[in-house]
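Visitor: Those protein sequences? They're chains A and F, same order as listed.
Note that the first sequence covers residues 11 to 230 in my numbering.
Note that the second sequence covers residues 11 to 230 in my numbering.
These are calculated hints, taken from the structure and not from any lab test.
You may find that some hints are simply not true.
What the hints assert, rightly or not - Chain A is nowhere near these chain F residues, computed Cβ spacing over 12 Å in every case: (1) 13; (2) 15; (3) 21; (4) 42; (5) 49; (6) 77; (7) 119; (8) 128; (9) 129; (10) 130; (11) 154; (12) 159; (13) 164.
Said to hold, decoys possible - What follows is a list of derived Cβ distance ranges for each label pair: (14) A/80 to F/177: 48 to 58 Å; (15) F/159 to A/132: 24 to 34 Å; (16) A/12 to F/136: 49 to 59 Å.
Unchecked claim - Selected chain F positions facing chain A (Cβ under 10 Å, derived; list incomplete): (17) 81; (18) 91; (19) 95; (20) 98; (21) 124; (22) 127; (23) 178; (24) 185; (25) 186; (26) 188; (27) 189; (28) 191; (29) 194.
Glycine included, each C-beta is placed from N, C-alpha and C at the ideal position.
Number of protein chains: 2
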Amino acid sequence: MRDAYHQELDALSEDLVEMTRLVGSAISRASTALLDADLTLAESVIAADDAVNALRDDLDRRALDLLARQQPVASDLRTIVTSLRMSADLERMGDLARHVARVARRRFPESAVPATLRSTLVEMSQVAQRLVAKAGSVIASQDVTAAMELEGDDDEMDRLHRALFTALLEPGSPYGVEMAIDITLVSRYYERFADHAVSVAGRVVYLVTGQRAEELAGSS
Amino acid sequence: MRDAYHQELDALSEDLVEMTRLVGSAISRASTALLDADLTLAESVIAADDAVNALRDDLDRRALDLLARQQPVASDLRTIVTSLRMSADLERMGDLARHVARVARRRFPESAVPATLRSTLVEMSQVAQRLVAKAGSVIASQDVTAAMELEGDDDEMDRLHRALFTALLEPGSPYGVEMAIDITLVSRYYERFADHAVSVAGRVVYLVTGQRAEELAGSS
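Just chain A, same shape as in the assembly (with noise of 0.2 Å):
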């Protein structure tokens, strides 16, 4: 059985796979109250991220504690230090899926996307959501090779909001400037998203093996 100390590292990692389920559900249900214009289930989700804050403080200070009781060094100084930027990063996630839930309310009762770019948006979100996943699961894990996939998802990622770009400057495309800056804003919202389920995983590949991801990938 693990000592009193080893638990509350496991448990420092058992907030952060909880924070991505938070933030997980948040960018889904974002994501349909933008879909949708549904006013309700955005300022729920608006109001739900007070909970990934609280859970990140409250790790925080944990971690913080650890660090200065325990004097950790070497793995358990890594994981501590890691803990916290993965804190960061998750709590940066919920506050971009409550800004894309903040559009939904803006334009309500009217969608801030239009029938033509639907698609491509619920496309980000399922790109979102899987990201997040997997980021959850790594932490769970420490599984390198699964960490390291995240980066082809968000080469898809990457794609999407360029295409997104790509419709709203077509020639004669029907879509106007209010309309532009809220499909930017999002779409913005979304590949930072990606960026920090990006950066979790990484996390976890310098936690495991001490090397960045980018340098494991350019050696292989």
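Given chain A, work out where chain F should sit, using these hints.
Guide: For chain F alone, coordinates are given in the frame of chain A:
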């Protein structure tokens, strides 16, 4: 005279101040590149971001090394953990300056900024530069009162951000979708740059007082 350990702690703070100088220069030059459609300047800002990243990597490596070797407690521990967080903010500010330069490069030889929005963008650039300069001073001085003032400058940035959207959306405004996309992205980059500067100052408040800037502001 300070011992070697405390000299190393001081050096972290000096490097953070140096990072504020580099990203301050980057946002200033990126703004000029954007406003004057100066491709050479834009390229030089994009290339110079490597130096910010390298400084951050070196700073983080030394901070982690101090954590492992010195097993610091109390205020020294807080200094090191806070340094890691400030370096993340400052590196991101460098990225955002590079993003502004990239918009300038993408639109060259045209300017991404129409004449009528120029003065607002100039103001945004000035506020960004003021914020990062103050963040640098605050890191060096650890002046909590000065740190708390950054929130006010950030309100100014939020006002400019909203003013740009209002101008883009004015009935009969001459701005097309392409310009709306560019201005939306650039405005978002400045806004986030400012947020990170405020975050740096807030970390100094926490470092000195053990309380968060919001808590202190609420209790005053």
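Visitor: If you take the shortest Cβ to Cβ gap from residue 178 of chain F to chain A, is it below 10 Å?
Guide: For residue 178 of chain F, the interface hint holds, since the closest Cβ of chain A sits about 5 Å away, which is under 10 Å.
Visitor: In terms of Cβ atoms, is chain A entirely out of 12 Å range of residue 77 of chain F?
Guide: 6 Å, violated
Visitor: Once the closest CB in chain A is found, is it more than 12 Å from residue 164 of chain F?
Guide: Holds, because the least Cβ-Cβ distance between residue 164 of chain F and chain A comes to about 16 Å, which exceeds 12 Å.
Visitor: Given residue 189 of chain F as an interface hint, is the shortest Cβ-Cβ distance to chain A below 10 Å?
Guide: 8 Å, holds
Visitor: Are all beta-carbon distances from residue 13 of chain F to chain A longer than 12 Å?
Guide: With a cut-off of 12 Å, residue 13 of chain F remains clear of chain A, as the shortest Cβ separation is near 19 Å.
Visitor: With a cut-off of 10 Å, does the beta carbon of residue 81 of chain F approach a beta carbon of chain A closely enough for the hint to hold?
Guide: This hint holds: residue 81 of chain F lies near chain A, its Cβ roughly 4 Å from the closest one there, short of 10 Å.
Visitor: Can we confirm that no CB of chain A comes within 12 Å of the CB of residue 42 of chain F?
Guide: 24 Å, holds
Visitor: Residue 154 of chain F: least C-beta distance to chain A exceeds 12 Å?
Guide: Holds: least Cβ distance 20 Å, greater than 12 Å.
Visitor: Hint says 49 to 59 Å; check whether the CB-CB distance for residue 12 of chain A and residue 136 of chain F agrees.
Guide: 55 Å, holds
Visitor: Confirm or reject the statement that residue 128 of chain F sits farther than 12 Å, beta carbon to beta carbon, from all of chain A.
Guide: Given a closest Cβ separation of 18 Å, the condition holds.
Visitor: Hold the hint about residue 127 of chain F up to the distance rule: shortest CB distance to chain A must be less than 10 Å.
Guide: 13 Å, violated
Visitor: Given a cut of 10 Å on the nearest C-beta pair, is the interface hint for residue 186 of chain F held or broken against chain A?
Guide: Cβ of residue 186 of chain F sits 7 Å from chain A, so the hint holds.
In this structure, the hints that do not hold are numbers 6, 15, 21 and 22, in rising order.
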